[in-house]
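**Q** Chain by chain, the residues run as shown.
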Amino acid sequence: MPDEDHVTVGKAINRKDGIAKVTGATVFGNDQNAYRQLHMKSVYTHYPHVEIESIDLSEAWKVPGVVDIIVARDIPGNPILFGRFPVLVSDRARYIGDAVAAIASESAESAEMAAAAVCIRYGKQFDVLTTVDQALAPDAPMIHHDTQGNRIDYASHHLHDGNAEAVIREAPKVIRHSYATQFVDNGYIEPEAVITEFDPNTDTVVIRGTIQNPYNIREALAKVLDRPLNQVRVIQSGIGGSFGGKDESMMFIASRAAVLSLRTGRPVKAVLTREESFMASAKRHPITSNYEAGLDENGRLLAIKSLHHMQGGAYNKQAMFANWRGSIHAAGPYAIPHVCTDIHGVHTNTIFGGAYRGFSAPQVVFGIESFIDECAEAVGMDPVRFRLLNCVKPYDRLPTGQVLDPAFMPANVADLIELVCSKTDFEKKWERNRIARTEVGSTSVVAGIGLSITFRGVGLGGEGIDTGSATVTIDADGKVRVQSGFTEMGQGLSTTLCQIAAEEFGIDSTWVTWSQNDTAENMDAGPTVASRGIVSGGNAVKDACGKLRKRIEEVLLPKWMAPEGSTLHFSDSAVYAMTPDKELLNRIGFAEAARICLKGEGISLRSLGWHSPGPQYFDHESGQGPAYPSYLFGATVAEVEVDQGTGVIVVKRITSAIELGKAINPQIVRGQFIGGAIQGMGYALMEEMDCSDGYLHTRNFDDFLMPGAMDIPPIDIIISETDVHVGPYGAKGIGELGIEMIAPAIANAHANATGKRIRELPLNLERVVLGHAL
Amino acid sequence: MAIQRFMQVGSLDDALQELSVHKEQALLIAGGTDVMPALRSGLYAQKQMVIDLSPLAGKLGNIRHEEDMLHIGPLVTHSRIMEDPVIREFLPILAQASAHVGSPQIRNRGTIGGNIITLAACADTVVPLLALDAQLVFARVGGVRCVPMASYLDEGETRFDASNEILTDIMIPLPNSNRQGMFLKIARRQAAAKSRMSVAVLTTIAGHRITDARVVVGALMPWPRRVGEAERYMMGKAIGEVDPMKVGALAAELAITVTGQRRSFAYKIPVVQELMRRAVTRVLGTQGEA
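Top line first, the protein sequences correspond to chains A and B. Numbers in my numbering are just positions in the first sequence, counted from 1, shifted up by 151. Numbers in my numbering are just positions in the second sequence, counted from 1, shifted up by 126.
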């Protein structure tokens with residue numbers, strides 16, 4: 152949208168990585184090779200929960216080409232990664248992706264043959280716990296001997312405000328329902344790939360690959376290799392999608408490969424097959440949610456009480472964070488006087504949950520927004536009026552005690568609801584569908600329309616300290632290089648950060664170049680997660696640019712003998728010295744200014760930018776405090792056709808209105824939103840992974856179906872910009888908002904179409920026809 | 127992968143000769159859309175050589191129209207079938223089914239011969255081929271044999287000798303009367319997805335009576351089958367006398383007789399009945415109007 156205050160910010164400039172990607176020139180992880188590299192293959196357990204007696208490597212060593220084989224005792228440092236993940240297991244396998252050994256060989260084929268030749272002698276077979284109920288049963292065996300009843304460490308979170316239980320007991324109307332979601336894979340197009348190498352010149356282990364969170368990997372490897380952080384260097388390759396996923400799985404392969412590199416003195420390349428990636432990478436955690444609500448006669452929500460269990464798998468490094476986010480969002484963007492939310496994480500002998508776009512929001516938003524529709528129905532209100540009545544408004548108090556101050560949190564969700572509903576003619580269609588479904592046969596094709604709304608905490612909030620780093624360099628020709636501790640993985644961050652630098656210096660965005668991250672060059676910014684690249688990354692770029700502008704000003708104004716109070720302005724690729732009376736004193740090109748500083752005065756034009764909102768003081772016992780510096784808001788309408796005879800749901804249109812502060816690049820905002828919405832459709836309708844007996848039966852994309860081009864409907868996005876002071880130019884992030892409203896909007900549309908409610912994802916053919924899975 | 131040799135042949139005779147020498151160790155490849163993933167997943171561990179049939183496209187990759195018989199070479203791709211004017215006019219259910227195979231990329235490479243030979247339970251083109259009374263011609267060194275599609279399917283393990291025979295022709299009789307057909311497929315997404323279920327219905331009408339009926343279901347039993355009871359039920363009836371629900375019920379009955387109750391039938395049985403009802407209603411509806 153037109154933006155009179157800014158030149159580059161707010162414009163849909165082309166992506167910095169666009170041409171390379173569409174022409175196939177981008178170098179991704181598996182495109183990288185090194186001189187004398189070895190190839191690594193991991194050797195996996197054959198059983199999901201079993202004692203390992205011994206590992207016989209003798210036949211594997213006989214395979215021609217094998218150079219080295221490691222088992223758990225060969226790990227020089229800490230063999231257990233954060234979240235209890237073992238680099239390699241030695242005495243017990245707890246899920247089907249556990250590896251017992253890793254082989255380095257001259258070719259990938261020979262490594263694979265050697266891996267098949269490893270003979271594992273198994274002992275006792277333990278019970279395989281594949282559901283939360285099994286794992287929480289009083290007599291359930293312990294997957295780890297030192298957890299509390301198979302609960303994941305630090306993953307229980309509570310938000311208690313008022314006295315929900317008592318209020319529900321007395322409430323005129325009480326509604327109770329349960330909802331469940333499934334494991335789904337991130338489904339990135341490029342599987343994991345890494346090359347590790349020991350550089351004797353600098354005594355450093357260098358890791359290159361498809362790594363979403365380089366500082367996590369650096370820290371993990373420093374522990375595994377027993378080396379200081381400054382002797383582990385992570386350099387990112389091009390990344391073919393990640394969505395949160397390329398973290399744990401990268402940790403496994405990078406740590407095994409790095410140990411092999413140190414032992415052999417040779418580069419080691421490790422690339423996962425899709426089958427391995429499905430088995431040993433993070434999935435979106437399944438969550439089962441039990442909701443109870445008390446309402447008054449007018450349909451006002453008095454209290455919501457909810458209990459959630461997140462299925463974590465055998466090991467978990469994200470449930471403790473994802474569940475905290477879940478605890479804040481589980482009651483939705485509603486003004487409810489009494490809220491009681493409890494959420495727990497549970498170990499099972501299955502594939503494990505981790506980060507996948509939305510990070511617990513897609514699960515709990517499916518639960519609460521389905522539940523809200525059911526509450527509305529129970530009190531005889533339509534879903535729009537019910538939400539307008541109960542949703543938060545400016546200056547309302549969230550259950551955390553946080554007050555929605557419009558300067559930081561516009562809370563215009565009611566406006567967004569009205570926008571999407573008037574655009575889609577929601578109420579008329581909703582009523583028409585309700586009547587139409589009663590007038591046709593039970594196998595007919597029927598139309599449905601569904602609404603969902605959300606709020607989303609910006610950044611990490613009380614999860615942990617939020618930081619951002621950037622390094623900005625101006626060269627003598629006036630061209631600028633932006634480096635960030637954040638990762639470009641397809642989301643478009645490289646472009647938006649360059650746009651911010653261009654805006655700050657008043658130069659054309661083509662003058663700005665981006666460098667993919669290298670931990671030797673940038674400060675630890677933390678992980679590129681939580682839609683925080685634009686707030687923390689963008690503020691850090693702005694900070695670095697501001698410092699450089701000040702340096703240039705401190706050189707040029709004295710040089711031009713500018714009177715006290717003069718200022719330097721940056722625009723049109725030039726710098727303007729203005730007197731306090733707003734008179735132009737001098738003007739030179741931006742390149743000339745850079746040359747004077749660097750070559751004339753010997754002033755550095757590199758700056759480290761930093762951003763942190765500081766610690767959020769949050770009481771984790773009660774869930775009270777300023778959970779997030781701000782929130783995004785959104786409302787989405789899905790229109791569907793349900794073929795009741797076959798179970799096929801076709802999504803006809805998605806319409807969303809979103810409040811995101813400021814769109815730095817509207818085209819990238821749309822891309823992010825649409826990408827998330829399509830993933831949300833897959834989550835709603837078809838994606839699921841079968842690990843019901845501990846073995847993973849969904850092994851590749853022929854079984855794990857994601858929406859294709861033919862499935863994707865028109866997606867309309869209404870971007871509502873607000874004047875908030877959180878991120879650069881008011882931006883608050885967009886990466887995850889697209890995904891979380893889609894499944895409940897589709898489920899609500901299905902209910903509108905058929906009069907039947909499905910409370911489990913996905914709404915696949917069988918659930919639509921039968922009401923339950925096969 | 128144990129494949130040691132990749133070979134391209136100059137003629138069908140060469141291919142048959144090589145096959146007769148290497149027998150079970152040889153793997154024939156046409157479009158490769160099934161063979162390549164299967165090779166990679168270790169399914170053909172006993173195979174040592176690949177014989178690429180693509181150089182034979184000049185001989186085995188044509189669609190020919192001879193009197194009342196259409197000949198489709200096994201190397202003809204799904205894309206060509208769905209675009210062929212003769213097939214679109216006279217055998218539209220085959221064009222419809224071909225259009226449902228995989229995605230454009232798969233249809234551009236995948237061949238009708240491959241669909242028949244790999245014979246997945248959900249093979250899309252086999253369903254109309256069965257309805258259309260296709261005949262398959264297999265060649266071996268020193269001879270050929272012609273097998274009706276239905277017998278090919280029913281012969282199970284012995285349906286053909288992969289170590290000796292190559293599919294060389296698919297023959298389909300062309301209709302000379304008022305015939306209507308319909309192919310319906312259900313999948314978990316709108317393209318590039320295996321059939322969860324498919325049906326084909328084909329009827330010939332003379333003087334408002336059904337003189338010929340073909341009813342086929344796919345992806346319900348280990349391979350696609352004609353529903354003989356349903357065909358007999360429809361035969362000779364006037365359009366208005368056919369209860370489309372009955373056709374579906376007979377298809378469901380057959381499936382239960384053939385395989386016994388299966389877990390997936392809770393979904394598949396009501397849905398196959400509904401698909402049959404729709405196909406029969408539309409086919410007869412069209413003909414009723416004509």
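Calculated directly from the structure, the hints in this document are not laboratory data. Being a predicted model, the structure only gives us computed values, none of them experimental. Among the hints, erroneous ones may be present.
As the list claims (entries may be wrong) - Subject to a maximum C-alpha distance of 30 Å in a straight line, what follows is the list of computed DSS-like cross-link-like pairs (lysine-lysine): (1) A:162 <-> A:324; (2) A:162 <-> A:907; (3) A:803 <-> A:580; (4) A:213 <-> B:320; (5) A:803 <-> B:185; (6) A:162 <-> A:701; (7) A:907 <-> B:372; (8) B:320 <-> A:907; (9) A:162 <-> A:574.
Stated by the list, open to error - Rough simulated footprint, nothing fancy, chain B against chain A, three-plus residues with beta-carbon under 8 Å: (10) 553-565; (11) 786-799.
C-beta: ideal position from N, C-alpha, C; glycine also.
**Q** What hints, given by number in increasing order, does this structure fail?
**A** Hints 1, 2, 4, 5, 10 contradicted; others consistent.
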